[in-house]
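Colleague: Residue numbers (numbering that gives the first Met the number 0), protein chains in the order written: chain H, 0 to 168; chain B, 0 to 168.
Bear in mind the hints are in silico, worked out from the structure with no lab data behind them. Careful, some of the hints might be misleading.
It does not matter which identical chain is used: a pair holds within one copy or between any two.
Below, simulated DSS-like cross-link-like pairs (lysine-lysine); rule was C-alpha separation at most 25 Å, straight line [stated by the list, open to error]:
#1 Lys157 <-> Lys112
#2 Lys31 <-> Lys119
#3 Lys114 <-> Lys157
#4 Lys11 <-> Lys157
#5 Lys92 <-> Lys75
It should be emphasised that the depicted structure is a prediction, and the values quoted were computed from it without experimental measurement.
There are 2 protein chains.
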Amino acid sequence: MNATANSVFQFKKMLKNLDKCMTKASAFADHKKFDVNILTTYRLAPDMFDFVKQVQSSCDVAKFCAAYLSAQTAPKHEDTETTWAQLHERVQKVVTYLDGFKAADFENASKAKVKPGWAKGQWIEGDNYLNEVAIPNFYFHIMAAYAILRHAGVDIGKQDYLGELSFKS
Amino acid sequence: MNATANSVFQFKKMLKNLDKCMTKASAFADHKKFDVNILTTYRLAPDMFDFVKQVQSSCDVAKFCAAYLSAQTAPKHEDTETTWAQLHERVQKVVTYLDGFKAADFENASKAKVKPGWAKGQWIEGDNYLNEVAIPNFYFHIMAAYAILRHAGVDIGKQDYLGELSFKS
Numbered sequence: 000m001n002a003t004a005n006s007v008f009q010f011k012k013m014l015k016n017l018d019k020c021m022t023k024a025s026a027f028a029d030h031k032k033f034d035v036n037i038l039t040t041y042r043l044a045p046d047m048f049d050f051v052k053q054v055q056s057s058c059d060v061a062k063f064c065a066a067y068l069s070a071q072t073a074p075k076h077e078d079t080e081t082t083w084a085q086l087h088e089r090v091q092k093v094v095t096y097l098d099g100f101k102a103a104d105f106e107n108a109s110k111a112k113v114k115p116g117w118a119k120g121q122w123i124e125g126d127n128y129l130n131e132v133a134i135p136n137f138y139f140h141i142m143a144a145y146a147i148l149r150h151a152g153v154d155i156g157k158q159d160y161l162g163e164l165s166f167k168s
Numbered sequence: 000m001n002a003t004a005n006s007v008f009q010f011k012k013m014l015k016n017l018d019k020c021m022t023k024a025s026a027f028a029d030h031k032k033f034d035v036n037i038l039t040t041y042r043l044a045p046d047m048f049d050f051v052k053q054v055q056s057s058c059d060v061a062k063f064c065a066a067y068l069s070a071q072t073a074p075k076h077e078d079t080e081t082t083w084a085q086l087h088e089r090v091q092k093v094v095t096y097l098d099g100f101k102a103a104d105f106e107n108a109s110k111a112k113v114k115p116g117w118a119k120g121q122w123i124e125g126d127n128y129l130n131e132v133a134i135p136n137f138y139f140h141i142m143a144a145y146a147i148l149r150h151a152g153v154d155i156g157k158q159d160y161l162g163e164l165s166f167k168s
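Here chain H stands alone, though its shape is the one from the complex (with noise of 0.2 Å):
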């Protein structure tokens, strides 16, 4: 399989632990008795994002991979969540969208010219895009997300994180 659909395969994985994740900080909210949803607002440091943007970030580095490197169109979600169950959903919709692609929709990413609406409509090829802007951005995000639950208490660790592999004896 080529590097594009790997990267973004796993991608999907690395959203549902993160979706498992977020239903065990719930489980952790309800043990201690606080609301989830003040989890919303936590960050590492006061400039950096809150849960909730490290979570839309993360839906919005997979979507937008996937859909440049297959030279097709990303749907628009609004950044509108405020609610755990609304962060859910996103993830969701993100999962599902991904779920649509298969291998083939990237046989052309390597060479393919990407620009994304940030980048001042300068480009990248899609080889460059994959490693040196979109998987390290992914990871930020999610492991930010991650961190942000584990530095608040959240009874997870790095099985959580990785998901399980494909170890045979």
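Since chain H is already given, all that's left is putting chain B on it; use the hints.
Modeller: This is chain B only, laid out in the frame that chain H set:
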């Protein structure tokens, strides 16, 4: 270029970016008149790795990924670092090790049978090792190191994390 080579070279770049972030942390410590080595034991949560271990882990994931996927034996690096200077040296050792690889070394990577020391004799196919284990783990630790510095107030941002990007106009 094959996906493994792209990832290994990107890991090298990210380690250099981390090295620069650590240099900025030293300047921050000087400015605030504290010993930068105080940050070596900082953590995002009491049951997460401290800064030293996050840097060591970033180095190890990159090193073992390159070694396993080129059928080589990774050099041993004892985890004895306790100072900022020693952490710079550790990063430099791995950057130098990765400098020795060329894309052709990873030609057979995707189908390699990878048996990490911690996997209790189980194995995983090269492509799955790269996507499910190496990439998510590498970014987990490199982002944790970055986030510890951000949490401590060091004046770094996403651009320091990502480094220079290959955009063209």
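Colleague: What hints, given by number in increasing order, does this structure fail?
Modeller: 2
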